[in-house]
Amino acid sequence: MKILIIEDEAALAKSISDFLSQEDYLCEIAGSYSEAIVKIESFQYDCILLDLMLPGGDGIKLLKIIKDQKKQDGVIIISAKNSLEDKVAGLKLGADDYLAKPFHLSELAARVYSIIRRKNFGSDNMLEQKEIKVDLLAKKVSIQQREVPLTKKEYDLLLYLMSNKNRVLSKSALAEHLSGDIADMFDNYDFVYAHIKNLKKKLQEAGAGNYLKTLYGSGYKWDV
Amino acid sequence: MKKLLNISLKRFTLFAAILLICSIPVYYYIIRKLWAYELGEHNIVLTSEAAKEDSFLIILSITSLTLLFFILQLVGFVLINLRVSRILWKPFYDSIEKIRNFDLTKQESIDFNSTEVLEFTELNQSLDKLFLGNRSAYVQQKEFAENASHELQTPLAIIQSKIDILLQNKDLTDLQYQLLDEMQSALSRVSRINKNLLLLSKIENNQFLEVEALDISALLKEKITVFDNFIQEKGIQVQASIEPEILLHANDSLLIIIFNNLFTNAIRYTPRNGKLIIELSKNQLRFSNSGDVSLNRSHVFQRFGKSSDHSPGAGLGLSLVNQICKRYNWVLDYSFVNNFHLFTITF
Numbered sequence: 003m004k005i006l007i008i009e010d011e012a013a014l015a016k017s018i019s020d021f022l023s024q025e026d027y028l029c030e031i032a033g034s035y036s037e038a039i040v041k042i043e044s045f046q047y048d049c050i051l052l053d054l055m056l057p058g059g060d061g062i063k064l065l066k067i068i069k070d071q072k073k074q075d076g077v078i079i080i081s082a083k084n085s086l087e088d089k090v091a092g093l094k095l096g097a098d099d100y101l102a103k104p105f106h107l108s109e110l111a112a113r114v115y116s117i118i119r120r121k122n123f124g125s126d127n128m129l130e131q132k133e134i135k136v137d138l139l140a141k142k143v144s145i146q147q148r149e150v151p152l153t154k155k156e157y158d159l160l161l162y163l164m165s166n167k168n169r170v171l172s173k174s175a176l177a178e179h180l181s182g183d184i185a186d187m188f189d190n191y192d193f194v195y196a197h198i199k200n201l202k203k204k205l206q207e208a209g210a211g212n213y214l215k216t217l218y219g220s221g222y223k224w225d226v
Numbered sequence: 461m462k463k464l465l466n467i468s469l470k471r472f473t474l475f476a477a478i479l480l481i482c483s484i485p486v487y488y489y490i491i492r493k494l495w496a497y498e499l500g501e502h503n504i505v506l507t508s509e510a511a512k513e514d515s516f517l518i519i520l521s522i523t524s525l526t527l528l529f530f531i532l533q534l535v536g537f538v539l540i541n542l543r544v545s546r547i548l549w550k551p552f553y554d555s556i557e558k559i560r561n562f563d564l565t566k567q568e569s570i571d572f573n574s575t576e577v578l579e580f581t582e583l584n585q586s587l588d589k590l591f592l593g594n595r596s597a598y599v600q601q602k603e604f605a606e607n608a609s610h611e612l613q614t615p616l617a618i619i620q621s622k623i624d625i626l627l628q629n630k631d632l633t634d635l636q637y638q639l640l641d642e643m644q645s646a647l648s649r650v651s652r653i654n655k656n657l658l659l660l661s662k663i664e665n666n667q668f669l670e671v672e673a674l675d676i677s678a679l680l681k682e683k684i685t686v687f688d689n690f691i692q693e694k695g696i697q698v699q700a701s702i703e704p705e706i707l708l709h710a711n712d713s714l715l716i717i718i719f720n721n722l723f724t725n726a727i728r729y730t731p732r733n734g735k736l737i738i739e740l741s742k743n744q745l746r747f748s749n750s751g752d753v754s755l756n757r758s759h760v761f762q763r764f765g766k767s768s769d770h771s772p773g774a775g776l777g778l779s780l781v782n783q784i785c786k787r788y789n790w791v792l793d794y795s796f797v798n799n800f801h802l803f804t805i806t807f
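First to last, the protein sequences are chains A and B. Take any residue in the first sequence, count from 1 to its spot, add 2: that is its number in the numbering used here. Take any residue in the second sequence, count from 1 to its spot, add 460: that is its number in the numbering used here.
Where hints are given, some of them may not hold.
In silico BS3-like links for lysine-lysine, alpha-carbon gap of 27 Å or less [as the list claims (entries may be wrong)]:
no. : chain 1 : residue 1 : chain 2 : residue 2
1   : B       : K694      : A       : K155
2   : B       : K694      : A       : K204
3   : A       : K199      : A       : K173
4   : A       : K94       : B       : K662
5   : A       : K215      : A       : K135
6   : A       : K142      : A       : K167
7   : A       : K89       : B       : K786
8   : B       : K735      : A       : K155
9   : A       : K16       : B       : K630
10  : B       : K683      : A       : K173
These aren't lab readings, by the way, just hints derived from the structure by calculation.
Let the sequences and hints guide you as you build the complete structure.
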């Protein structure tokens, strides 16, 4: 899986690259508009992470170029602007997702994972880890052919954990993923704990191994 | 307060009246002298009665003539003054009207009419300079807030990403994780403050202009379910009376900001097992949550205005709500009644 990171902030680009590389993704970095053009035109990527404000040109223009070439590359916009107009414009032009800075790398990883799966597996979209099977289209989880009844939040949580397998996730990253806009309005993330507890219980009752580990008291890890 | 023109008119009139009154004895004296000289030259002698009658006639005719001229003069003054005020002072009144209607927060420029009078041209030029300076200071201040928040997003993103990477380190000890966790929560707070500041300056800069008819009854109900997690966790009892299908013309992002902030605020400040009452009617939305002490009314809607000693927030939420209400000419009000904080928006 090849990923192109178009981001002029070297420190951030390196973080993203380091984080995603743990997942057997091959990451390349383009730090400017011209560098990005060369890479886009010469190679094929599974996913492109696109910063909108670049030295030498506008990221939106790059997006147009990618889409004009009818390439199948998935595009996630990562922008400091976080303006609704940009988001709408980006998605209209064919970007697959939009993530405002600052973001958790695990959130980015989950979105990359989801786009790559969508591009490569099309309609038959089953995610399997150990004995756990997730039907991404029907949004159903089953263990040994038996369906596990999960609430929407629990399902989201499981998918997030599975797409960040073997990584340590902080409570704040999970809270932000679970409640989007409003999570960062609270300082207290205790509701995450309740969801984790329920999910763990349901999975174990359905016969799954204990993959959801608690680390250091308040961190979590999907250990498979 | 007197009008500038009336002051000058009064002075002119007074001066003319005094002058004319003083002129009566002078005229009388001169005419009498001339009269006596003529009589003497032609050796005419008048009886004392005739002389008395003459001097009486002279006084009468002089006085009535003077009065007539005075009235003519007065009418002339008023007419001229009206004309002068209409023509001469017009640019002055124009400028005053323009200044009165000028609103710094609206993005419109002020154009003074050109005039041929040197003084007014100078006045308008000086005013122009003053307004330009004011406007650019205002724009700079607004842009500063927006740019500063923008520029902060990237370094914040870098710190966030480094913390996320550090968390993956296999040799991390419990103590180090706790330190990182505390850094993380501080960073989340900074990010939140920054996001809200950016939002606030965007609203002040008149972004979010699209307006559509929104079913706020449905939106409000949806929000109650979104916040349900947080409400239940604190054991807050919610009582909602929402009239169905109430439509408001507003920007949906802005309305959601209002709801989010009212909910967060209510949940944050309601004591454990407290009560939250949400009422929506045709022209009013009210959030009432239980509490012990009234908030400081003068600070409650101010930016960074901490209205109580124990608030974990940065004091931007209600300021955002206030700013949005202002945009749509809704009235946001706070009061404290029977141990309930009442936040009321009147549409």
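Hint check results:
Distance hint between K694(B) and K155(A) is fulfilled; the C-alpha atoms sit about 19 Å from each other, no more than 27 Å. Of the pairs offered as hints, the one joining K694(B) and K204(A) holds, with about 24 Å between alpha carbons and a cut-off of 27 Å not exceeded. Proximity of K199(A) to K173(A) is assessed by CA-CA distance (about 13 Å); at most 27 Å being required, the pair is judged to hold. For the proposed pair K94(A) and K662(B), the alpha carbon gap of about 22 Å is at most 27 Å, so the pair holds.
Taking the CA atoms of K215(A) and K135(A), the gap is near 19 Å; set against the 27 Å cutoff, the hint holds. At most 27 Å may separate the alpha-carbon atoms for a hinted pair to count; K142(A) and K167(A) meet this at roughly 19 Å. Note on K89(A) and K786(B): the hinted pairing holds, with a Cα-Cα distance of about 26 Å set against a maximum of 27 Å. The hinted pair formed by K735(B) and K155(A) meets the criterion: a straight-line CA distance of about 26 Å does not exceed 27 Å.
Among the hinted pairs, K16(A) with K630(B) is consistent with the structure: their alpha-carbon atoms are about 19 Å apart, no more than 27 Å. Between K683(B) and K173(A) the alpha-carbon distance is near 23 Å, which keeps this suggested pair within the 27 Å criterion.
Violated hints are absent here; each numbered hint is respected by the structure.
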